[in-house]
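Top to bottom, those sequences are chains A and B.
Just so you know, the numbering used here puts the end of the first sequence at 700, numbered straight through with nothing missing.
Just so you know, the numbering used here puts the end of the second sequence at 230, numbered straight through with nothing missing.
Heads up, some of the hints might be wrong.
Stated by the list, open to error - Simulated DEER-style distance windows between Cβ atoms: (1) A/Leu254 x B/Asn210: 37 to 45 Å; (2) A/Lys611 x B/Thr165: 56 to 64 Å; (3) B/Leu93 x A/Arg21: 35 to 43 Å; (4) B/Thr165 x A/Asp547: 49 to 57 Å; (5) A/Ser608 x B/Leu93: 49 to 57 Å; (6) B/Lys144 x A/Glu272: 32 to 40 Å; (7) A/Asp228 x B/Lys144: 27 to 35 Å; (8) A/Lys81 x B/Glu104: 37 to 45 Å; (9) A/Leu254 x B/Glu110: 32 to 40 Å; (10) A/Leu298 x B/Glu134: 37 to 45 Å; (11) B/Lys144 x A/Pro525: 32 to 40 Å.
What the hints assert, rightly or not - Derived SDA-like pairs (lysine to any residue); straight-line CA-CA distance at most 25 Å: (12) A/Lys220 x B/Tyr120; (13) A/Lys54 x B/Arg143; (14) A/Lys207 x B/Asp164; (15) A/Lys234 x B/Ile147; (16) A/Lys220 x B/Gln95; (17) A/Lys220 x B/Ala145; (18) B/Lys144 x A/Ser652; (19) A/Lys207 x B/Leu208; (20) A/Lys646 x B/Arg143.
Treat the hints as calculated values from the structure; they're not laboratory data.
Being a predicted model, the structure only gives us computed values, none of them experimental.
We put the beta carbon where it would ideally sit given N, CA and C, even for glycine.
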Amino acid sequence: MRFDMILTTCPFCGTGCNLYLEVVDNEIVGVSPAKEHPVSRGRLCVLGRNAHRFVSHPERLKKPLKKVNGKFVEINWNEAIKEIASRLQHVKESYGPDAIGILSSAKCTNEENYLMMKFARAVIGTNNIDHCARLCHSSTVSGLAASFGAGAMTNSIPEIPDTDCMLITGSNPTSQHPIISAWMMEAKERGAKLIVIDPRKVPISQFADLYLPIKPGTNIALFNGIAKVIIDRNLADMDFVSSRTEGFDEFIEKVRDFDLNTVSEVTGVDPKLIEEAALMYGSSEKAMIFYAMGITQHISGTDNVRTIANLAMLTGNVGRPSTGVNPLRGQNNVQGACDMGALPNVLTRYRPVTDELARKEFEALWGVTLPPNVGLTLTEMTNAAYEGNLKAMLIMGENPAVTDPNLNHVKAGLRNLEFLVVIDIFLTETAQLADFVLPAATFAEKNGTFTNTDRRVQLVNKAVDPVGEARADWEIICMLANAMTSNGFDFSSPEEIMKEIREVTPQYRGITYERLRKGESLQWPCPDETHPGTPYLHKDGFPRGKGKFFAVDHKEAHELPDENYPFILTTGRVPFHWHSGSVTRRIESLNKEVPTGTVDINEEDAKILGIHDGDVVSISSRRGTIKVQARISKAIKKGIVFVPMHFVECAVNELTDNKYLDPIAKIPELKVTAVNLRKEN
Amino acid sequence: MDIEKCTGCGDCSGVLINEYHKPKEKDGLLWVDRIHIDEAACIHCGECVRACLSENPEAPAMTNISFNRIKEALNEAASVENPSLLQEILRMSVNERMNFWEEQFKKCIKCYGCIEMCPVYLEPPEELAFDRWVRKAEIPPQYPAFHLLRAYHVLDTCVLCGECESTCPVRIPLKTLQDITQYFPPERVFDLVPGLNDELKNVIKNFATKVRNQVRRMDYAV
Ligand code: SF4
Ligand code: SF4
Ligand code: SF4
């Protein structure tokens, strides 16, 4: 009998906790936290503690599947790869490369995302590559790129306890980033001030010095209002503003005439509270802003992010420890998937595909000609599939048939494809629609790296052999590429792929497997092998030179409540489940805690509608209807209801809308949907 | 390593320290060190103290460290300059204690780490099962019910290793809670950790009476 403890990185959220998998004879028997890890420090949340429980689940896919007469049959790898390669080739030849769309995955490693984007661009010849970051932080990437020149968390998690003030907006860290919320509570215990802005009294608001119950979709008005108070009270850091930024004059022009009473009318927040929040944030020596989906998932997502960056620049809270603009990124490797260029508009290191110089560099290395036009985003791909312009899709480790807005439309789109290939670990709702399904390895069955939300590149180490004939995603991509007779895919290990990544990505250049194995914790940018990594960004300057203020106007959410649909529906997560639920709903201990979805309804609203706790209600939007149990709550604002996204039997994304997108980031407005409620009998 | 050949001598913990296996990693890598034992290498089961006391009632020589610590805590509750947390709690009024524990317990994110990491936690007795007393899916879970229940689940097995506290993401002083539930009879515990409803109090009291003869530590409580 052999017993090993394999150090690896948690496969769930972007916090990037490390843990040991306890392995007895090729079977994982438990999880043990890693005490020496700088972020997790021997602690884990409920998901990390259950991270091993899905690896050997009986429903894991063990063989490649092919759909024959509407039914899946098992086939061998050789045949599967050969057939897929020739059908992709056929689509490419008949309709052109842009008739193929590829979804990479924020759950997969950096190496796999790099390969997938190389596959799309070099083998297929299209920029139609995207992943679920589109639905979460694409507006962060576009917003912060415009303000600072780099779209990532500016500071580090371990800096949190030394801050003087935390402003958390549109984020529920207790549920979504539990170990980060633990750091925040440490800061609180050390005397930091806490401001929470959210339509729901999220658990962390119990500790808040100020809680601002904002109406969803009114962030810009609120942050402009806060900026106005900071300027009026002379709390702006004018040294920072004049030496490090530009665009301040237009900005001040915009907010000068703001009147707090109007802001209050728009946002539903008491003007006194707005003023107090501005004073608290503005007068703190070091203040950190944290935000997540409540800011980004709006048609004004990019502008929301810009107004947050405005606030940080206005008060000089950038470029120092324990300050900054800190988007909390959701998936374990969503930062990495973006860094690797699994996006339709950029290559690695965020170099635009439209930039000829950038293309030339990659063309020289890869020995191919690259497409110069920006590709389709994930939301546009499903639309194009629906309209028949996209003919084939290759989806790796994503489940758009649960997670994307307006599901009925998404599923119709996927069904409309001539050819769909899904690479996944379970037969997900999306995989069920596929022509071919390829069985992938989980995080515990392969090597690679994940990049967490504070830009820490961390090792994923193989603990056990893949179940059945499952293979690591990077191997699958290489097999496909080789079958399509492409050069440049002869990799024998993820470490080799990392070598190529380092060559084309200066931020990653100094990050080697060797250093990581020695236990170094490296945050990009890390330009050479002696560089210790960068805990906080923009110390001496912004990548774009000067930080830019944006004067932006409040923009109404697209779908406001009306007579027929009088409530605002907002979506999100619960702490015991993960995204589409394809993993966590197969973990018994988690399912026991939360077996299915519920809708949170304000108690006064419930009284008027005659709805009691536990009643089944049907919720309808212009796109669909779901039935779900009611949970009566004081924690949610009147007029707003909340439904988590994990549960396919009451899939909230049947209600959400996919048509109206942020014009720059193309992120849908998942946080504001007009709905009505009816009690079922 | 090969478990079947392991004799548990612990030598490996000396040999295995190199650049990949850092000495500060007490828990993660070494089989024999899976249970973290305190400075005095004491498992606090009370057996040794009991044996030692019966052999040598005047000057017990064995590892009665915790016993003495608790006694000291009680004696010096009013006088020490830098009181331990337990001493502070003993000095508080009921209201202060209520607030103290509320501030702590409301941080709980229900990660179940205090249970997962506990080396002695087994299936809890039916009458104390969470299903009966704690609503699911709620964060923070109802307090102090969730935390006292967990502590009483290990009433007869806790070795006071402190793993529950060291893995708690939000740093709730769970080791102190263990000290309290291990060294004090339930009536006193309900006073030191106030706020439990009467029904659950009774169930816990009955349970404690049932396993009383296995909880020798309590013999030394004051
Ligand atoms: S906080 Fe995130 S990374 Fe850490 S254990 Fe939980 S899910 Fe995993
Ligand atoms: S101290 Fe905590 S972890 Fe250790 S045995 Fe007791 S209850 Fe379990
Ligand atoms: S370890 Fe701490 S946070 Fe986790 S369940 Fe136990 S008391 Fe709660």
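Structure-based check of each hint:
no. : hint                            : verdict
1   : A/Leu254 x B/Asn210: 37 to 45 Å : violated (57 Å)
2   : A/Lys611 x B/Thr165: 56 to 64 Å : violated (23 Å)
3   : B/Leu93 x A/Arg21: 35 to 43 Å   : holds (42 Å)
4   : B/Thr165 x A/Asp547: 49 to 57 Å : holds (53 Å)
5   : A/Ser608 x B/Leu93: 49 to 57 Å  : violated (31 Å)
6   : B/Lys144 x A/Glu272: 32 to 40 Å : violated (53 Å)
7   : A/Asp228 x B/Lys144: 27 to 35 Å : holds (31 Å)
8   : A/Lys81 x B/Glu104: 37 to 45 Å  : violated (59 Å)
9   : A/Leu254 x B/Glu110: 32 to 40 Å : holds (34 Å)
10  : A/Leu298 x B/Glu134: 37 to 45 Å : violated (54 Å)
11  : B/Lys144 x A/Pro525: 32 to 40 Å : violated (49 Å)
12  : A/Lys220 x B/Tyr120             : holds (23 Å)
13  : A/Lys54 x B/Arg143              : violated (31 Å)
14  : A/Lys207 x B/Asp164             : violated (36 Å)
15  : A/Lys234 x B/Ile147             : holds (23 Å)
16  : A/Lys220 x B/Gln95              : violated (35 Å)
17  : A/Lys220 x B/Ala145             : holds (16 Å)
18  : B/Lys144 x A/Ser652             : holds (15 Å)
19  : A/Lys207 x B/Leu208             : violated (32 Å)
20  : A/Lys646 x B/Arg143             : holds (23 Å)
The structure is inconsistent with the numbered hints 1, 2, 5, 6, 8, 10, 11, 13, 14, 16, 19, although it conforms to all the rest.
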